[in-house]
Amino acid sequence: MTVVVTAESFEPWEVLRAHEQSLAQRAKVGACAVFVGSMRDFNEGDAVHGMVLEHYPGMTERHLARIVAEAKARWTLEDVLVVHRTGELLPSDPIVLVAVWSGHRREAFEACRHVMEDLKSKAPFWKKERLETGVRWVEHNTPGQ
Amino acid sequence: MAITVKFFASLREQVGMDTASRPCRGGMTPADLWRDVVADRPLPGNVLVAVNMDYAAPDQPLKDGDEVAFFPPVTGGAA
Numbered sequence: 074m075t076v077v078v079t080a081e082s083f084e085p086w087e088v089l090r091a092h093e094q095s096l097a098q099r100a101k102v103g104a105c106a107v108f109v110g111s112m113r114d115f116n117e118g119d120a121v122h123g124m125v126l127e128h129y130p131g132m133t134e135r136h137l138a139r140i141v142a143e144a145k146a147r148w149t150l151e152d153v154l155v156v157h158r159t160g161e162l163l164p165s166d167p168i169v170l171v172a173v174w175s176g177h178r179r180e181a182f183e184a185c186r187h188v189m190e191d192l193k194s195k196a197p198f199w200k201k202e203r204l205e206t207g208v209r210w211v212e213h214n215t216p217g218q
Numbered sequence: 044m045a046i047t048v049k050f051f052a053s054l055r056e057q058v059g060m061d062t063a064s065r066p067c068r069g070g071m072t073p074a075d076l077w078r079d080v081v082a083d084r085p086l087p088g089n090v091l092v093a094v095n096m097d098y099a100a101p102d103q104p105l106k107d108g109d110e111v112a113f114f115p116p117v118t119g120g121a122a
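Sequence lines, in order, name chains U and W. Be aware that the first sequence starts at 74, since it is given in our numbering, and climbs by one per residue. Be aware that the second sequence starts at 44, since it is given in our numbering, and climbs by one per residue.
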């Protein structure tokens, strides 16, 4: 399992291709579920021009690793990859990548969704949006389920 | 040794500091620490507390050397 928190922009499909090639037990994988989240240029009725993603270094990595470990304990998974951006982002920049490899699609789909929802509710990240009229902190998440 | 206090995101801007340090008193809790550091208002109900990078209750006893963080609800991920 791999968890990456990075202030550098990343290209999720290139990261995925590289990670797939490094899978140790590739022939055991029958399913890969992928979630890619990127920055919208609108939120709560306002145009958003940019965003800063703040986090709590150390606690972020610790909780992402724990979320992934819990998913591996609950489902039969071959591998999990989580990449999350921090720092300054522009609309359409990728924010988060969650990929799960498993023998079967049910585990892959369920674990991918679970990791993503758990990440949103537990990992210490905060978004500050840049609007036409100034900046504002995002106060709460949109429900995913 | 002492207790290190950290604030993040909107809370950091509201209290006007990102870190602080306070001596540890016996039986001290994060709620006590908040009152020590942020004198002008009580701990808001929606503020999350972490002790040594794990989520914790505001009334959990602290010990010397702990790192206590206060922050607003988290908003990571996307869409």
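Just so you know, these hints were derived from the structure itself, not from any lab. Mixed in with the good hints, there may be bad ones.
Stated by the list, open to error - Lysine-lysine pairs mimicking PhoX-like chemistry, simulated, CA-CA at most 25 Å apart:
| id | chain 1 | residue 1 | chain 2 | residue 2 |
| --- | --- | --- | --- | --- |
| 1 | U | K201 | U | K145 |
| 2 | W | K49 | W | K106 |
| 3 | U | K145 | W | K49 |
| 4 | U | K201 | W | K49 |
| 5 | U | K195 | U | K145 |
What the hints assert, rightly or not - Quick partial rundown of chain W residues pointing at chain U, CB under 10 Å, derived from the structure:
| id | residue |
| --- | --- |
| 6 | A52 |
| 7 | R55 |
| 8 | V58 |
| 9 | M60 |
| 10 | S64 |
| 11 | P66 |
| 12 | M96 |
| 13 | Y98 |
| 14 | A112 |
| 15 | P115 |
| 16 | A121 |
The structure presented is a predicted model; accordingly, all values stated were derived computationally and were not measured. Beta carbons are placed, not taken as given, at the ideal position from N, Cα and C, and that holds for glycine.
Going through the hints against the structure:
no., hint, in the structure
1, K201(U) with K145(U), "32 Å, violated"
2, K49(W) with K106(W), "16 Å, holds"
3, K145(U) with K49(W), "32 Å, violated"
4, K201(U) with K49(W), "18 Å, holds"
5, K195(U) with K145(U), "17 Å, holds"
6, A52, "4 Å, holds"
7, R55, "8 Å, holds"
8, V58, "14 Å, violated"
9, M60, "15 Å, violated"
10, S64, "17 Å, violated"
11, P66, "23 Å, violated"
12, M96, "4 Å, holds"
13, Y98, "8 Å, holds"
14, A112, "6 Å, holds"
15, P115, "7 Å, holds"
16, A121, "3 Å, holds"
Violated hints for the displayed structure, listed by number in ascending order: 1, 3, 8, 9, 10 and 11.
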